[in-house]
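Visitor: Here the protein sequences come in this chain order: C and D.
In terms of the numbering used here, the first sequence is residues 1 to 244.
In terms of the numbering used here, the second sequence is residues 1001 to 1288.
Read the hints as simulated data drawn from the structure, not as lab findings.
Even glycine gets a Cβ: it sits at the ideal position worked out from N, Cα and C.
Mixed in with the good hints, there may be bad ones.
Derived Cβ-Cβ restraints for the label pairs, each shown as a range [said to hold, decoys possible]:
id	chain 1	residue 1	chain 2	residue 2	range
1	D	1202	C	160	45 to 55 Å
2	D	1198	C	22	44 to 54 Å
3	C	62	D	1245	21 to 31 Å
Simulated crosslink set (BS3-like; lysine-lysine; CA at most 30 Å straight-line) [to be verified]:
id	chain 1	residue 1	chain 2	residue 2
4	D	1255	C	240
5	C	240	D	1248
6	C	111	C	240
7	D	1248	C	111
8	D	1045	C	111
9	C	157	C	111
10	D	1255	C	111
11	D	1004	D	1045
These stretches of chain C come out as covered by chain D in the derived footprint (C-beta under 8 Å, 3 or more residues) [said to hold, decoys possible]:
id	segment
12	70 to 84
13	109 to 118
14	142 to 148
15	161 to 167
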Amino acid sequence: MNDVTRAEIAVVAVAELFRGDGEIVASPMGTVPSLGAKLARATFEPDLLLSDGQAYLVDGDGTVEGWQPFRRMLDTIVPHGRRHVVMGANQIDRFGNQNISAIGEHGRPAKQLLGVRGAPGNTVNHRTSYWVPRHGTRVFVESVDVVAGVGYDNVAKAGAAAQRFHDVHRVVTNLGVFDFGGPDHAMRAVSLHPGVSEAEVGEATSFPVDCAAAGTTRTPTDGELQLIREVLDPQGVREKEVPS
Amino acid sequence: MGDKRTTVDDAVAELRDGMTIGIGGWGSRRKPMAAVRAILRSPVKDLTVVSYGGPDVGLLCAAGKVRRVVFGFVTLDSIPFDPHFGRARENGDVEVTEYDEGMFGLALQAAAQRLPFLPTRAGLGSDVPRLSPQLRTVRSPYDDGEELLAVPAQPLDVAFVHLNRADARGNAQYLGPDPYFDDLFCLAAQRRFVSAERVVSTAELTEAGAVQSLLLNRSAVDGVIEAPGGAHFTTAAPDYGRDEQFQKHYVDSAKDPERWPSFVDRFLSGDEAGYQAAVDRFAAEAVA
Chain C
1 MNDVTRAEIA VVAVAELFRG DGEIVASPMG TVPSLGAKLA RATFEPDLLL SDGQAYLVDG
61 DGTVEGWQPF RRMLDTIVPH GRRHVVMGAN QIDRFGNQNI SAIGEHGRPA KQLLGVRGAP
121 GNTVNHRTSY WVPRHGTRVF VESVDVVAGV GYDNVAKAGA AAQRFHDVHR VVTNLGVFDF
181 GGPDHAMRAV SLHPGVSEAE VGEATSFPVD CAAAGTTRTP TDGELQLIRE VLDPQGVREK
241 EVPS
Chain D
1001 MGDKRTTVDD AVAELRDGMT IGIGGWGSRR KPMAAVRAIL RSPVKDLTVV SYGGPDVGLL
1061 CAAGKVRRVV FGFVTLDSIP FDPHFGRARE NGDVEVTEYD EGMFGLALQA AAQRLPFLPT
1121 RAGLGSDVPR LSPQLRTVRS PYDDGEELLA VPAQPLDVAF VHLNRADARG NAQYLGPDPY
1181 FDDLFCLAAQ RRFVSAERVV STAELTEAGA VQSLLLNRSA VDGVIEAPGG AHFTTAAPDY
1241 GRDEQFQKHY VDSAKDPERW PSFVDRFLSG DEAGYQAAVD RFAAEAVA
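Chain C extracted, bound-state conformation:
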C-alpha cells in the first residue's frame, strides 16, 4: 500500500518501542502511543498489559483482566519497574531531560503546564520513551526549563540510586525515531520517516542531531495497516494528532 500516512508510520514506530518488552505494563499517553501499544499487543507483543486509562487492565477485546488504580500504580507498579511509559513532552533536550511542568522561570512561569506529574518517578524506575507529534525547535530545546523527566546528564549527577533503573529509551516524533546513543548520551537519529530529510530534522531541532547512521523508518505491513484502519482506529483519530 503506497498511501500510508505519516500518522500510520508513527503508530508502527511507537509499536516498535515495545518490541521485546514481554509481560509488563505499557502506559502510552496520547492517541498515537495508545494505538502503537495496542498494535504491538495485537501483533508481536501479545503479553503486554494495557490499562483502559482508568483503573482497569483490559485485554484486546476489552475484557477486564486486572485492577490498577492510581494508588497501586504509584505504590508498586512504577517502583517495581515492570512498566514502559510513553509520555508526551513540552520540551526535550539533547540528553533526554523532559518538561511537562511549566515554561519559563518556575517561581512565576510564562506558562503553567501540568506539573511534573509522574515523570520524575517514571524516569528513574523503568524504561521511558517520549512521543512528540510536532517535532519543532520549541520542543527540542538546548535546555529544558523544568526537569520533570530525568535525562542522562542529570541522572549521572544524582548518583547510583537514580541511575540504577534509569532507561530513557527513544523519542518518536512525526519526523523520525531517536535515541540517546550519541557521545555522552546525546540524542541521535535512529531512523527518519519516509520522505523526511536530514535537513528537515536539523531545522526542527535546537541542537545538532547526528543523522549519519539513521535508516528509514519501516512502513506498516498490510496486516498492520488493516488493524490500524479497521480495528484500532476506524475513526482516523490518529490523523488529527499527526496531520498528513
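Fit chain D to the supplied structure of chain C, relying on the hints for placement.
Guide: Below, chain D alone, put in the same frame as chain C:
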C-alpha cells in the same frame, strides 16, 4: 454511637486562616466540590492546599483563598489545564511545592504512619529537589548504600473527601473503580470530613458493595455530610460521571476574566442547594 452528621458549612466553619487542608479525589475525579464551594463562601484565606489537583485548586485560587499549593499536577483530565491555576501561577499569586505524584502519596503516607519521612527513588535527578530546597536525601544503612530522597511527612490540619456512601458514624464507601488516596488524606489529618452522595444505614453499606469498598472506618472520620451531587462537576462514578458540558463552561468562563463574574453570580453566590438548582437549569437550557 456517635452521630457525626453535620453540614458542609459547619465543617468549613472550623477552618482558620493559614491552615493546611487536604482535598481528596484526583484531577477532575470525585473531588469534594461541595466542601470547596463552602470554602469559597467562607471568609477563610491563606490556605495551604494539598491536592492531586483539579478544579478544586482552580476555584480556590480564583477566590484568593490559597497561599501555597502542594501538588503533583493540576488537570481537568478531559481538558488538560485549569485556567485559574494557570493564571495564579503566571501572576505569581501562589507559592507551590511541586512533587512527583508518587512523592505526594508518600508524604501523606508518612504522615498517616507518624513517620518523619519515607524514602523513594522518585524525584532524584529531577528539578523537584532544586525547586524545594528543604528536601533532603537519606542513605541506606545497608550494604547497598543507596542515597534516596527522603520525602517529609505532609500532615494536614483538615481533610475533605467525597465518597459514594457513608453511614452517620463515618464508615464510608467508594463504589467506583478507584479509591484514589482518600483514606490517606484522612489518616494524615487532624480533622476529617467526608461528604457522601447518600448517608445510609450501616447495614446498607455492604449491600451496595463488597466489604473492600469500605475505604474509611469511623475512627478516621470526624464529620459526615450528606451532599448529593457533592462532587459535581467532577466524576462520582457510578452515581454520575463528569459533567463535561459544565466543565467546559467552567473553563470557557475561567479563561476570560470578563466572563468569570457572571459564572460566579450564577453558580457560586448562593448555598449548595442554589448551586445544584442553577446546574439543573444550565443542563435544561443546554438541552433546549
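Visitor: Would you check chain D against the segment 70 to 84 of chain C, counting CB to CB pairs closer than 8 Å, and say if three or more residues qualify?
Guide: Three-residue rule met by the segment 70 to 84 of chain C, so holds; n is 6.
Visitor: Assess, step by step, whether the Cα of residue 1004(D) is no farther than 30 Å from the Cα of residue 1045(D), and give holds or violated.
Guide: holds, 26 Å
Visitor: Please work out if residue 111(C) and residue 240(C) have their alpha carbons no farther apart than 30 Å.
Guide: Holds. Residue 111(C) to residue 240(C) sits at ~24 Å (cutoff 30 Å).
Visitor: Verify the proposed pairing of residue 1045(D) with residue 111(C), using a straight-line Cα cut of 30 Å.
Guide: Answer holds: residue 1045(D) to residue 111(C) is near 25 Å, not above 30 Å.
Visitor: Using the beta carbons of residue 1198(D) and residue 22(C), state whether their distance is inside 44 to 54 Å or not.
Guide: At 45 Å between Cβs, range holds.
Visitor: Holds or violated: residue 1255(D) and residue 111(C), Cα atoms, limit 30 Å.
Guide: holds, 14 Å
Visitor: Would you mind confirming whether the straight-line C-alpha gap from residue 157(C) to residue 111(C) stays at or under 30 Å?
Guide: holds, 28 Å
Visitor: Should the hint that residue 62(C) and residue 1245(D) are 21 to 31 Å apart at their CB atoms be regarded as holding?
Guide: holds, 26 Å
Visitor: Mind taking a look at whether chain D covers the segment 161 to 167 of chain C? Criterion is 3 or more residues with CB to CB distance under 8 Å.
Guide: holds (count 5)
Visitor: Does residue 111(C) lie within 30 Å of residue 1248(D) when you go C-alpha to C-alpha?
Guide: Since the Cα atoms of residue 1248(D) and residue 111(C) sit roughly 20 Å apart, the hinted pair holds (cutoff 30 Å).
Visitor: With a cut-off of 30 Å on the C-alpha distance, tell me whether residue 1255(D) and residue 240(C) pass.
Guide: Satisfied, since the Cα-Cα distance of roughly 24 Å is no more than 30 Å.
Visitor: Keeping to a limit of 30 Å between CA atoms, is the pair of residue 240(C) and residue 1248(D) held or broken?
Guide: Holds, at about 21 Å.
The earlier numbered hints are all upheld by this structure, with none contradicted.
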